Every structure is written in C-alpha cells, then in structure tokens.
Amino acid sequence: MKHYISDIKKQAEKVTTAITGAEMREAVSSAFSDTATALETMEESYRKRGEEMRKALAILLLFWIVILTMNE
Numbered sequence: 026m027k028h029y030i031s032d033i034k035k036q037a038e039k040v041t042t043a044i045t046g047a048e049m050r051e052a053v054s055s056a057f058s059d060t061a062t063a064l065e066t067m068e069e070s071y072r073k074r075g076e077e078m079r080k081a082l083a084i085l086l087l088f089w090i091v092i093l094t095m096n097e
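Position one of the sequence shown corresponds to residue 26 (this note's numbering), numbered consecutively onward.
None of these hints come from the bench; they were simulated from the model.
All clues stand as given, with none of them false.
Here are the computed distance ranges between Cβ atoms for each label pair:
id : residue 1 : residue 2 : range
1  : L64       : L87       : 31 to 39 Å
2  : K34       : S70       : 45 to 53 Å
3  : G75       : I33       : 51 to 59 Å
4  : L85       : L64       : 26 to 34 Å
5  : I33       : V53       : 28 to 36 Å
6  : E76       : T45       : 45 to 53 Å
7  : G46       : M67       : 30 to 38 Å
8  : E65       : F88       : 31 to 39 Å
9  : K34       : A56       : 28 to 36 Å
Computed from a predicted model, the values in this text were never measured in an experiment.
Even for Gly, the Cβ is constructed at its ideal location relative to N, Cα and C.
Please model the complete structure; the sequences and the hints are all you need to start from.
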C-alpha cells in the first residue's frame, strides 16, 4: 500500500507547480479585468435594449393617440 501511495505522491509532484506571488497577482488582476469587461458589455446591451423599447413604446403611443383622435 505504501508503494502505491509513494508512486501517486511522485506523480503528483511532477504535475503540480508552485504559484508565485506575481502569477497570483496576474491571475487576480485578469479575473477583475474580465469581470469589468463583462459588466460593461452587459450594461451596453441593456442600454441598447432600453433604447429599442423606448422607440417601440413611442410608436405604440402615437398609434393610440391617432386612434383616439379619429374616434372623436
């Protein structure tokens, strides 16, 4: 059993690598940057969708105004 454990430990030592402080800072910085970019993209998408909805609502409002004025 000890033989298997030591083999697994040797294989794990070959695979794992230590993460330095610089690598960690870079990974965290990259994650924040990616998150900020995703939030900006989402905000822009909602802004465009809101503008499209305003146009549709304006057209609908004009349509109803025309209908109401025609009945009078």
